[in-house]
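As a plain string of letters, each chain reads:
There are 4 protein chains.
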Amino acid sequence: MKALVYLGSGNKALQDHAKPEISASTDAIVRITKTTICGTDLHILEGDVPTCTPGRILGHEGVGIIESVGTGVTAFQSGDHALISCISSCGKCVYCRKQMYSHCTTGGWILGHKIDGTQAEFVRIPHADTSLYPIPEDADEEALVMLSDILPTGFECGVLNGKVAPGGTVAIVGAGPIGLAALLTAQFYAPAEIIMIDLDDNRLKVAKRFGATSVINSTGGNASETVMAMTGGRGVDTAIEAVGIPMTFELCEKIVAPGGVIANVGVHGVKVDLHLENLWDRNITITTRLVDTLSTPMLLNVVKARRLDVKQLITHRFKLDGIIAAYETFGHAADTHALKVIIEA
Amino acid sequence: MKALVYLGSGNKALQDHAKPEISASTDAIVRITKTTICGTDLHILEGDVPTCTPGRILGHEGVGIIESVGTGVTAFQSGDHALISCISSCGKCVYCRKQMYSHCTTGGWILGHKIDGTQAEFVRIPHADTSLYPIPEDADEEALVMLSDILPTGFECGVLNGKVAPGGTVAIVGAGPIGLAALLTAQFYAPAEIIMIDLDDNRLKVAKRFGATSVINSTGGNASETVMAMTGGRGVDTAIEAVGIPMTFELCEKIVAPGGVIANVGVHGVKVDLHLENLWDRNITITTRLVDTLSTPMLLNVVKARRLDVKQLITHRFKLDGIIAAYETFGHAADTHALKVIIEA
Amino acid sequence: MKALVYLGSGNKALQDHAKPEISASTDAIVRITKTTICGTDLHILEGDVPTCTPGRILGHEGVGIIESVGTGVTAFQSGDHALISCISSCGKCVYCRKQMYSHCTTGGWILGHKIDGTQAEFVRIPHADTSLYPIPEDADEEALVMLSDILPTGFECGVLNGKVAPGGTVAIVGAGPIGLAALLTAQFYAPAEIIMIDLDDNRLKVAKRFGATSVINSTGGNASETVMAMTGGRGVDTAIEAVGIPMTFELCEKIVAPGGVIANVGVHGVKVDLHLENLWDRNITITTRLVDTLSTPMLLNVVKARRLDVKQLITHRFKLDGIIAAYETFGHAADTHALKVIIEA
Amino acid sequence: MKALVYLGSGNKALQDHAKPEISASTDAIVRITKTTICGTDLHILEGDVPTCTPGRILGHEGVGIIESVGTGVTAFQSGDHALISCISSCGKCVYCRKQMYSHCTTGGWILGHKIDGTQAEFVRIPHADTSLYPIPEDADEEALVMLSDILPTGFECGVLNGKVAPGGTVAIVGAGPIGLAALLTAQFYAPAEIIMIDLDDNRLKVAKRFGATSVINSTGGNASETVMAMTGGRGVDTAIEAVGIPMTFELCEKIVAPGGVIANVGVHGVKVDLHLENLWDRNITITTRLVDTLSTPMLLNVVKARRLDVKQLITHRFKLDGIIAAYETFGHAADTHALKVIIEA
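Protein chains in written order, with our numbering: chain P, -11 to 333; chain G, -11 to 333; chain D, -11 to 333; chain F, -11 to 333.
Isolated chain P, as found in the complex (with noise of 0.2 Å):
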């Protein structure tokens, strides 16, 4: 089958590679239909993340078709459609009885990044009964693999983390898809104000779009006065981070209200500022995590309701053998306004 095959650092390339094959009972051989490019995968192409080796299938987003499953599987069988959760978890370790799917002993984060992963024609899902989701006959696949990871992470590392509630003040830093799905799943709790930060024009018009209530360009540096001023001095219920580097999470740092919370949705490389010094009497929440997926099924249930367009998120589309060219598309978002792309199998 094909596969994007990880390289090393800066490398990458489309190959031909063995057909994945079940390997645990609790296993599922799954044939991709669709599937997309994350932020993340940049990461490793870049070097960042060393958990990762060379001769990695990448990608943990996607949906698909059920191929083959093992003997202990019994909520999937061959021919079912299935959306793949970008979390693996076996349902029956510590972290997962307390939903903690993300430090699942045996799962977490591994597709396309410890084991082999979804830009391939298939893919095999451990603990498929637990790390799948079936698709509604009539629903909009495309649509769905928004839901393998960006809109749970927004959602649930950025709204739920941040108790974003009806009547509240958010802000939202970084306005790349992750911050536009938290854009887009902040409103189910109707906010007052949704304020979305960005160096990127482009991407404010979009947010706009999406909902925010209003948009700061922070290229000139003074976008924490700029909240301020919007809040009447007070700051914001909610800062979601959703970049990952030190001046954003200052940035929030600076823009919180007593009693409000930091919500960091963002892949950081390096320490923070923490300025105790200022907010040890602020009454505030900083939070971290990363994305558990178990609003999976919520959010299936909202996408099905029609009371969320998750579509709007795709902007471009390719084949499997075209996904060095999506690469370069959703690498250099700024020129070619790139959320997420989609490439089938």
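A portion of the hints provided could be inaccurate.
Identical chains blur together in the list; that is why a pair holds if it fits in one copy or across any two.
As the list claims (entries may be wrong) - Restricting the straight-line Cα-Cα distance to at most 30 Å, the calculated cross-link-like pairs of lysine-lysine (BS3-like) are: (1) Lys196 / Lys(-10); (2) Lys102 / Lys0; (3) Lys7 / Lys259; (4) Lys307 / Lys(-10); (5) Lys86 / Lys292; (6) Lys242 / Lys193; (7) Lys102 / Lys242; (8) Lys193 / Lys292; (9) Lys259 / Lys242; (10) Lys86 / Lys242; (11) Lys86 / Lys7; (12) Lys196 / Lys242; (13) Lys242 / Lys151.
Note that these hints are calculated values from the structure, not bench results.
Here the structure of chain P is known, so what remains is to put chains G, D and F in place on it, guided by the hints.
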């Protein structure tokens, strides 16, 4: 001044009445600009509320302008525009310190009940600092009358207690003003389904317009079967009782899903049968509540942010001189299609 | 093997029975070392549980040693010592994914009810990985039998649902084993007062020893007046119903304070009167629950840390050969002062 | 009257000072019977709290007898015995209405900081109705001095924010009075392990006596390794920082388990390094808080019910005339083994 006075079961009159005066340092006198009639006022007039004695000026909703304040009032001054909460709260007692203002030991629902109310030119508001809310300059004051009682009641007793959540399924039994307020505010939480149940097709039509995803006319007596069919035999996550009679409460018992909530909003005059022989192992929750109006600041934010159009609840308008006609119109809602009637003082 | 078999209303016998075999890949066969009798077993024998049919081996509690496991079991192997949960859960279905294991679509309370149970030399445990718990090496296994059912039931249905909190006031109606389990676990949350109510002075004496701050013999019918007097007329924050008849539930309705919770634990055979005409405005919560046993790992921790002495619930010990006598002793608790009886297999 | 006055960095004196007078209708004048010294008072004396200016009477803890009240005070009258909260709260402002009294717009921590405090014969308490608590008749008033600040601080900032739970694992870094208050109140929730970490063996000995299940002297620099070894490599569910320097906060970062909480209690003067490169995917929560004293009524209940012996925190007693010696004793705790010192006025 003119005031609508309760004269004993079945009797009321618009009478001349002494203007109220400040009697405690925490009082404010408010000149009413707009008030309205509540279903509870009808209950009083039917003689069903013995704690309300003849001679009482009715009404517990409204907006107005501060006429004068006691020496202990610090948050308001003469000339300020204010929203009157149906609940008076001292902010000091054991219940107020727990945000259970409805049970304030020197307040609670007393306006138009145990002390004179708002269907008059002036009203005395005890505990003014914690029982009035400042009205923003550019607000539509008429719309805010909906925030004195029905919006917080539908929201707190129905939606908050009912734990309405993204992707969930909600049934609201009773499409009167309170049920419709629950319908409007349930949408703060993006449930997948909101099923509205009533006997009156006109109210169900309104419910559709207000955001119900489906409606059931329960005249035939098959409402529970219909709900179960709609939910794949599972029932609803949240059943909101907004009528106040045994039949509608027992309907909620039939349609609540395992793990679900029955949130009672209705004012009940008699006991109901609780079928614990069916429900003891169903992991359900039943809640009751007199509105605490702790959500009023949030609701003001949401209305200000134009995330909620409460004005659509207003169907008729009268002058205080015409309040007897207003009662007629409100009291015959099946014919007049009245929801809330505004009375301009 | 020997097994205690239900033979229809009023009849049971210790019989020879075929040893259970693995029928699904997720099954385990457990050799029982210790089991016990539950009040529910008595209900079955009285013919009150029609879903339990004659020929069934009773019992849903116990500890034992793994004899064999199916090919899909990964967390246990032959020779492991395991605690058996009264609730079987697949870990995969919609209810299990919400931690509502009691409603598992292929599990729930089935042991000794819909499938053969633990009052035997061997038992088949379905969904073994998520229905058994490993026993630490140095544990007192006899004590852990209390964690199969009554401890999690008292804790989850009574204490957790009842929102017992530091400084709060709790009443527990019914001082049988489940009520006492609620009493023991309520103390996890340092309530200021725990009032125990029962008809049996011996059980009340036990309750005092187990930590009740006061006890009321409700024989005279004045229990509600006594509770109200004890609480300054306010009532209790948490009323735990651990009997299962209308009179005791309605007592809870009378003694719950505004803002309080009635947590039902009792198994009810008939409806009760819910006095909504008194309670509609009291901001109370009523909960029902079949135990989910989601607290079992926590309870194991607490017992291991010697913060909870569950062994004091055990009053009598028998061999499996003497199980008929064990039933006699347990069934006549008023005379024998039995709480829990251990049966060694 | 006599009062302990801050005279600028490093200087203080017991001086004659004008007796305070009622300046707002909601004030009370309290005759102090017992007060104490807080670590914060030492910070002020070191010149680390610039918002506290020379001439200020120090102290924010104590009990006393109401001398007189303003016309707006309704809950207290002359002669009442009252506990003084370290936090003054109006009960009306947006923060007070959210129970975030620490950020009261006209209160918060002002006593002995921005207005004159309690280390004097008399003190003026603003917002008396919502900043004082009635003392039950038979209470040990000396013990209640512990409830002015350190008990609610340890409980709210450490235990509540830290989500201490039955069966959980807690580490408390810092065994000073506040850390010990967290230790005492953590036991409200029956955690399985409470590990106390400090540099001072005497304080660790006290911690053992107060209920720590294990103690670590962190002098050698291996505290994090020891904690990880003690917890099977997993870390603690709750890490309470009760010192206020980077090293101790960063220790908490190292020992918090996935899904755990770092609850900061310490007063920090400089920033700390937050290692998001390690923590971004660990699902942790960090909280900061200035005590709101919303738990004071609960703590009064618990002390009254004899579930908590707070008096064991008191090691030394002085008269107001000897307050300079009291400061000496408290300021050299390593030598004097002082925890809290009582000053009788």
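*Homo-oligomer pair classification [lysine 0, lysine 102; C-alpha up to 30 Å]*: For lysine 102 and lysine 0, only the intra-copy Cα distance (16 Å) is at most 30 Å; the inter-copy one is 56 Å.
*Tell me, please, which holds for lysine 86 and lysine 242 at an alpha-carbon limit of 30 Å: within, between, both or neither?*
For lysine 86 and lysine 242, the Cα distance is within 30 Å only across copies (22 Å; inside one copy 33 Å).
*asked:* Regarding lysine 7 and lysine 259, is the shortest C-alpha distance of 30 Å or less found within a copy, between copies, in both, or in neither?
replied: neither (40 Å within a copy, 52 Å between copies)
_Up to 30 Å CA-CA - lysine 151 versus lysine 242, copy category_ = The answer is both: 18 Å in one copy and 26 Å across copies each meet 30 Å.
*State whether the alpha carbon distance between lysine 196 and lysine -10 is at most 30 Å within one copy, between copies, both, or neither.*
neither (39 Å within a copy, 50 Å between copies)
*Under a CA distance limit of 30 Å, which applies to lysine 259 and lysine 242: within one copy, between copies, both, or neither?*
Both: 17 Å inside a chain and 13 Å across chains, each within 30 Å.
*Should lysine 102 paired with lysine 242 be assigned to within, between, both, or neither, using CA atoms and 30 Å as the limit?*
between (37 Å within a copy, 25 Å between copies)
*With identical chains treated as interchangeable, where does the CA-CA distance between lysine 86 and lysine 7 reach 30 Å or less: within a copy, between copies, both, or neither?*
neither (34 Å within a copy, 35 Å between copies)
*Between the shortest in-copy and the shortest cross-copy C-alpha distance, which are at most 30 Å for lysine 193 and lysine 292: within, between, both, or neither?*
both (27 Å within a copy, 24 Å between copies)
*Using 30 Å as the alpha carbon limit, work out where lysine 86 and lysine 292 are close: within a copy, between copies, both or neither.*
Classified as both; 27 Å inside a copy, 20 Å across copies.
*asked:* One pair to classify: lysine 242 and lysine 193, alpha carbons no more than 30 Å apart. Within, between, both, or neither?
replied: Within one copy only: 24 Å inside, 41 Å across.
*Given identical chains, is lysine 196 near lysine 242, meaning Cα to Cα at most 30 Å, within a copy, between copies, both, or neither?*
within (23 Å within a copy, 40 Å between copies)
Violation of the numbered hints given earlier is confined to hints 1, 3 and 11; the remaining hints are satisfied by the structure.
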